[in-house]
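Chemist: One-letter residues, chain by chain:
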Amino acid sequence: MLLVNNIYFKRNNRQIINNVSLSLSAHKIIHLTGNNGAGKTTFLKIITNIIELQKGEIYWNGKNINKHPFYFYKNFTFIMDQNTSNNSLTIDENICFWRRLFSSKRNNKEIDSILELLSLNHLKKTLINYLSYGEKRKLELSRLIIEQKKLWVLDEPYNGLDQISINLVNHTLLNHIKLGGMVIFTSHFSPDIPNIENLHLDNHAHL
Amino acid sequence: MHTFNSIIALIIREFKINYRNFSDILSIFLFFLLGIVIFVFSIGENKEIFNEIGIGIIWTLILLSNNLSLRKFYQDDFNDNSIILFHISGLSYEIISLIKMIIIWIFIQLPFFIIIPLAVLLLNIETSNFHIIFLSFLIGSTIITCIASISGSMNLLNNKNFAIGSLIIMILSIPVIIFSVSLINVSDELIKAQLNILLGFMFFFLAITPWICAACIKLALQSK
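The listed protein sequences correspond, in order, to chains S and E. Sequential numbering from 1 applies to the first sequence in my numbering. Sequential numbering from 1 applies to the second sequence in my numbering.
Same shape as in the complex, but just chain S:
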């Protein structure tokens, strides 16, 4: 369970996160909303311990993530707003890198079926440089399945996706929370997912 307790973050004399709290447990999905510059990406980076928070506490399964960062890292996948696949490598090579990096137990057959679902199988040997933004985004999202973590943190996952891919992402998110996972994501798009909890980022947001 992820517990965020009254966190604050200030940058360049601007209060970006002001007293935000939330709790995220199994079978729960949170949609983080907010205007441009409201601090959605910063908030995700804080709760994933990439940016150090200035005030407040964050706990994962009762352990402070600041004191036990690597214990926390083992439990979440972070899909950032930018694609981390390297342009000089092919889809196959990027996936191979991610599998090794996260010691994934997914076998080749499973990877092939993921790529088939994402309509990327025929591009396996293509350099990322030659893919469209949507294709790169889909490849990035495949990390969710490759890493097999309990908590999914997604920053604008729907950017650049067509309707088929959006439906596929929604289906995957639903399936994940059904299996006991938890999801927190930011998006300006409101996906068609039942029982979704909304957290609007402004001053003193609580959930």
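Derived by calculation from the structure, the hints in this document are not laboratory data. Check the hints yourself; a few may be wrong.
[Unchecked claim] Here are the simulated lysine to any residue pairs, SDA-like style, with alpha carbons at most 20 Å apart:
#1 S:Lys-105 x E:Asn-5
#2 S:Lys-67 x E:Asn-5
#3 S:Lys-150 x S:Ile-196
[As the list claims (entries may be wrong)] If you want a taste of the chain S side facing chain E, the calculated C-beta under 8 Å gives, among others:
#4 Ile-7
#5 Tyr-8
#6 Arg-11
#7 Gln-15
#8 Ile-51
#9 Leu-53
#10 Glu-57
#11 Gln-82
#12 Asn-83
#13 Ser-88
#14 Leu-89
#15 Asp-92
#16 Phe-97
#17 Leu-101
Keep in mind the model is a prediction, meaning the values are calculated, not measured. Glycine included, every Cβ here is placed at the ideal spot set by N, Cα and C.
Once you've looked at the hints, dock chain E against the given chain S.
Modeler: Using the frame of chain S, we list chain E on its own:
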């Protein structure tokens, strides 16, 4: 075991990316060789001058060539957030920095061992001290890689003025240049002492570089 897997994954990735972008690396060596040729044309055929300043020319050009490799350290991985991904996988920023330094040393510095003899030939330097040249380069190149890594990570904090990174390399490399160049002309008794000083610099930089780079990366992420 998981950390070991992550380290291997990162090393393989870096090898592949550097191999694919070998043309960038070739341009660094081309810059070095063209620099040597320009010196040959500008000074002329005076063998005595080259014997005196030849090693200095080589070291200066190595330093300038290394400035071209600054981006290869962290900038690209920082821009596309890959560096965050490496960290989440369980690798500390210190380990990431160390791996980057090893890969850059292999791809940028190691080929200089082939090019330096060519430069020595072009400059017509007496070759009796070849082993000293190589030894000083072996130590000096490690120090320069460390300095370039520090400079590359400091550049992440400053996305307006890229020249500052090059200035840092130049300033921190002055002691390396002084001891490496003078190694050729000192008496046999002093060679060992100077090599020890260079080794001291090398171990000092090897010890501090990963920590400085990690701190810079963390700071840069904080303000990204």
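Chemist: Does each hint fit the structure? Answer for all of them.
Modeler: Going through the hints against the structure:
| no. | hint | result |
| --- | --- | --- |
| 1 | S:Lys-105 x E:Asn-5 | holds, 12 Å |
| 2 | S:Lys-67 x E:Asn-5 | violated, 24 Å |
| 3 | S:Lys-150 x S:Ile-196 | holds, 17 Å |
| 4 | Ile-7 | violated, 15 Å |
| 5 | Tyr-8 | violated, 14 Å |
| 6 | Arg-11 | holds, 7 Å |
| 7 | Gln-15 | violated, 15 Å |
| 8 | Ile-51 | holds, 6 Å |
| 9 | Leu-53 | violated, 11 Å |
| 10 | Glu-57 | violated, 18 Å |
| 11 | Gln-82 | holds, 5 Å |
| 12 | Asn-83 | holds, 7 Å |
| 13 | Ser-88 | holds, 4 Å |
| 14 | Leu-89 | holds, 6 Å |
| 15 | Asp-92 | violated, 11 Å |
| 16 | Phe-97 | holds, 5 Å |
| 17 | Leu-101 | holds, 4 Å |
In this structure, the hints that do not hold are numbers 2, 4, 5, 7, 9, 10 and 15, in rising order.
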